[in-house]
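Make a model of the complete structure from these sequences and hints.
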Amino acid sequence: MPQRPRKTMTPRPNAGRHRAAPNAGASTPRANPPGVSLCRALSKLGLCSRKQAEVLVAEGRVRVAGKIVRNGSMRVDPGRDRIEVDGSRVIAERKVYLMINKPRGLVTTRDDPQDRGTVYDCLAELDLPFVSPVGRLDKASEGLLLMTNDTRFAQRLLDPASHVAKIYHVQIGALPDEAMLARLRAGATVDGEDLTARSIDILRSGTSTAWLEITLDEGRNRHIRRLLGAYDVEVLRLVRVAVGPLQLGDLAKGKARHLTAEELALFAASA
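Going by my numbering, the letters in the sequence shown line up with residues 1 to 271, in that order.
Misleading hints may appear alongside valid ones.
Capping the alpha-carbon separation at 16 Å, the derived lysine to aspartate or glutamate pairs in EDC-like fashion look like this [unchecked claim]:
| # | residue 1 | residue 2 |
| --- | --- | --- |
| 1 | Lys139 | Asp115 |
| 2 | Lys95 | Asp127 |
| 3 | Lys67 | Asp81 |
| 4 | Lys44 | Glu54 |
| 5 | Lys255 | Asp127 |
| 6 | Lys253 | Asp121 |
| 7 | Lys51 | Asp127 |
| 8 | Lys51 | Asp81 |
| 9 | Lys44 | Asp81 |
| 10 | Lys139 | Asp177 |
| 11 | Lys255 | Asp81 |
| 12 | Lys67 | Asp86 |
| 13 | Lys253 | Asp150 |
| 14 | Lys67 | Glu84 |
| 15 | Lys44 | Glu93 |
| 16 | Lys255 | Asp150 |
| 17 | Lys139 | Glu93 |
| 18 | Lys95 | Asp150 |
| 19 | Lys44 | Asp150 |
| 20 | Lys95 | Glu263 |
| 21 | Lys139 | Asp150 |
| 22 | Lys51 | Asp111 |
| 23 | Lys139 | Asp201 |
FRET-style restraints, in silico, Cβ to Cβ [claimed, not checked]:
| # | residue 1 | residue 2 | range |
| --- | --- | --- | --- |
| 24 | Pro113 | Thr207 | 23 to 29 Å |
| 25 | Gly66 | Glu262 | 28 to 34 Å |
| 26 | Ala124 | Arg226 | 30 to 36 Å |
| 27 | Ala179 | Arg156 | 35 to 41 Å |
| 28 | Gly254 | Gly229 | 23 to 29 Å |
| 29 | Thr207 | Leu266 | 35 to 41 Å |
| 30 | Ser73 | Thr207 | 55 to 61 Å |
| 31 | Glu262 | Gly192 | 20 to 26 Å |
| 32 | Gly87 | Arg237 | 47 to 53 Å |
| 33 | Ala140 | Arg75 | 24 to 30 Å |
| 34 | Arg152 | Asp127 | 21 to 27 Å |
| 35 | Asn221 | Gly87 | 19 to 25 Å |
| 36 | Thr209 | Pro103 | 16 to 22 Å |
| 37 | Arg75 | Gly229 | 25 to 31 Å |
Hints are computed from structural coordinates only; laboratory data are not their basis.
Ideal placement from N, C-alpha and C gives every residue a C-beta, glycine not left out.
Here it is, written out as structure tokens:
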């Protein structure tokens, strides 16, 4: 019986060898999952601050999709996920935009451990959802302060890249000459930070004091006080009179009001 011809197998190059995938074993950074942290979601929905949200989560008072969540960094979608606090669903509040004429002596926070007066005292007569300050004015400073529950609006104004101008009227305990103005306009480095102003001009002078108009397009902590202090210039009063296109105007000290549609449109146009 004739034998069948045997098939000849031609080995492929590198057959039988394990070829490692490119960069095998190299760690690839993971992108953040979609959504925002649970604590941030509660803030974005207008319920409370992130710090207060952390307390609510830690106390087991927050549920997502019916389950208690104790991890405040858990990613959620505020627009889709059902989030409940104390058994009630958290619904996005209406957007609120306010301006306050902050008096001297109030701190820009909701809860103060030293039990000092806060800017929220100016809102006592208004029926509002949770709102947060857009930036800060220190206790000794006064004037225009914006507050909102629209986090995107706030972030846009605070982003240094937006260069939103903030104008201050500052009373100093000195009579500035051109040499002093030149030094102040050159800026200063304080604690490793470069502090500069977009413009510094004299408003008026008295016998021993003067008022300057100082415009910033960024806002570092105690920016003006530290800049002037670098040249031993005493700040007697500091009043913010404008943020972008919005003027403090004749709003009474300690009072708050809603921004008008026209004012919001000016902000949108200047962004």
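Against the structure, the hints:
1. For a cut-off of 16 Å, the pair hint linking Lys139 to Asp115 stands: about 13 Å separates their Cα positions.
2. Restraint check for Lys95 and Asp127: satisfied, since their Cα atoms lie roughly 13 Å apart, inside the 16 Å limit.
3. Only pairs whose Cα atoms come within 16 Å are accepted, and Lys67 paired with Asp81 is accepted, the gap being roughly 12 Å.
4. With a CA separation close to 14 Å, the supplied pair Lys44 and Glu54 stays within the 16 Å bound.
5. Distance check on the hinted pair: Lys255 and Asp127 sit about 14 Å apart at the alpha-carbon level, within 16 Å; holds.
6. Pair hint Lys253 plus Asp121 holds up; C-alpha atoms about 12 Å apart against a cutoff of 16 Å.
7. With a CA separation close to 22 Å, the supplied pair Lys51 and Asp127 exceeds the 16 Å bound.
8. Simply put, Lys51 and Asp81 have alpha-carbon atoms about 21 Å apart, too far for the 16 Å limit, and the pair is violated.
9. Distance check on the hinted pair: Lys44 and Asp81 sit about 13 Å apart at the alpha-carbon level, within 16 Å; holds.
10. As the CA atoms of Lys139 and Asp177 are separated by approximately 29 Å, the hinted pair breaks the 16 Å bound.
11. A threshold of 16 Å between alpha carbons decides the hint, and for Lys255 with Asp81 the separation of about 37 Å lies outside it, so the pair is violated.
12. In summary, the hint linking Lys67 to Asp86 is supported, as the alpha carbons are separated by about 12 Å, within the 16 Å threshold.
13. Among the hinted pairs, Lys253 with Asp150 is inconsistent with the structure: their alpha-carbon atoms are about 24 Å apart, more than 16 Å.
14. Between Lys67 and Glu84 the alpha-carbon distance is near 9 Å, which keeps this suggested pair within the 16 Å criterion.
15. Of the supplied pair hints, the one linking Lys44 and Glu93 holds, its CA atoms being roughly 9 Å apart against a limit of 16 Å.
16. Pair hint Lys255 plus Asp150 does not hold up; C-alpha atoms about 21 Å apart against a cutoff of 16 Å.
17. A hinted pair counts as satisfied when its Cα atoms are at most 16 Å apart, and Lys139 with Glu93 does not qualify at roughly 29 Å.
18. Our distance criterion of 16 Å between C-alpha atoms is met by Lys95 and Asp150, whose separation comes to about 6 Å.
19. For a cut-off of 16 Å, the pair hint linking Lys44 to Asp150 stands: about 7 Å separates their Cα positions.
20. At most 16 Å may separate the alpha-carbon atoms for a hinted pair to count; Lys95 and Glu263 meet this at roughly 15 Å.
21. This hinted pair does not check out: Lys139 and Asp150 have alpha carbons roughly 24 Å apart, beyond 16 Å.
22. A hinted pair counts as satisfied when its Cα atoms are at most 16 Å apart, and Lys51 with Asp111 qualifies at roughly 11 Å.
23. Note on Lys139 and Asp201: the hinted pairing is violated, with a Cα-Cα distance of about 25 Å set against a maximum of 16 Å.
24. Look at Pro113 against Thr207: about 42 Å separates their beta carbons, and that is not inside 23 to 29 Å.
25. A C-beta distance of roughly 44 Å is found between Gly66 and Glu262, which places it outside the suggested range of 28 to 34 Å.
26. In this structure the supplied range 30 to 36 Å holds for Ala124 paired with Arg226, their Cβ-Cβ distance being about 33 Å.
27. Checked against the given bound of 35 to 41 Å, the beta carbons of Ala179 and Arg156, roughly 38 Å apart, stay inside it.
28. Taken as a hint, the range 23 to 29 Å holds for the pair Gly254 and Gly229, whose Cβ atoms sit roughly 28 Å apart.
29. In this structure the supplied range 35 to 41 Å holds for Thr207 paired with Leu266, their Cβ-Cβ distance being about 39 Å.
30. Taking the beta carbon of each, Ser73 and Thr207 are about 58 Å apart, inside 55 to 61 Å as hinted.
31. A hinted range of 20 to 26 Å for the beta carbons of Glu262 and Gly192 is inconsistent with their spacing of about 42 Å.
32. Checked against the hint of 47 to 53 Å, the pair Gly87 and Arg237 passes, with Cβ atoms roughly 49 Å apart.
33. As the Cβ distance of Ala140 to Arg75 is approximately 40 Å, the hint placing it in 24 to 30 Å is violated.
34. Restraint check, Arg152 to Asp127: a C-beta distance of roughly 23 Å satisfies the suggested window 21 to 27 Å.
35. Checked against the hint of 19 to 25 Å, the pair Asn221 and Gly87 fails, with Cβ atoms roughly 40 Å apart.
36. Checked against the given bound of 16 to 22 Å, the beta carbons of Thr209 and Pro103, roughly 21 Å apart, stay inside it.
37. Between Arg75 and Gly229, the C-beta spacing of about 43 Å breaks the proposed range 25 to 31 Å.
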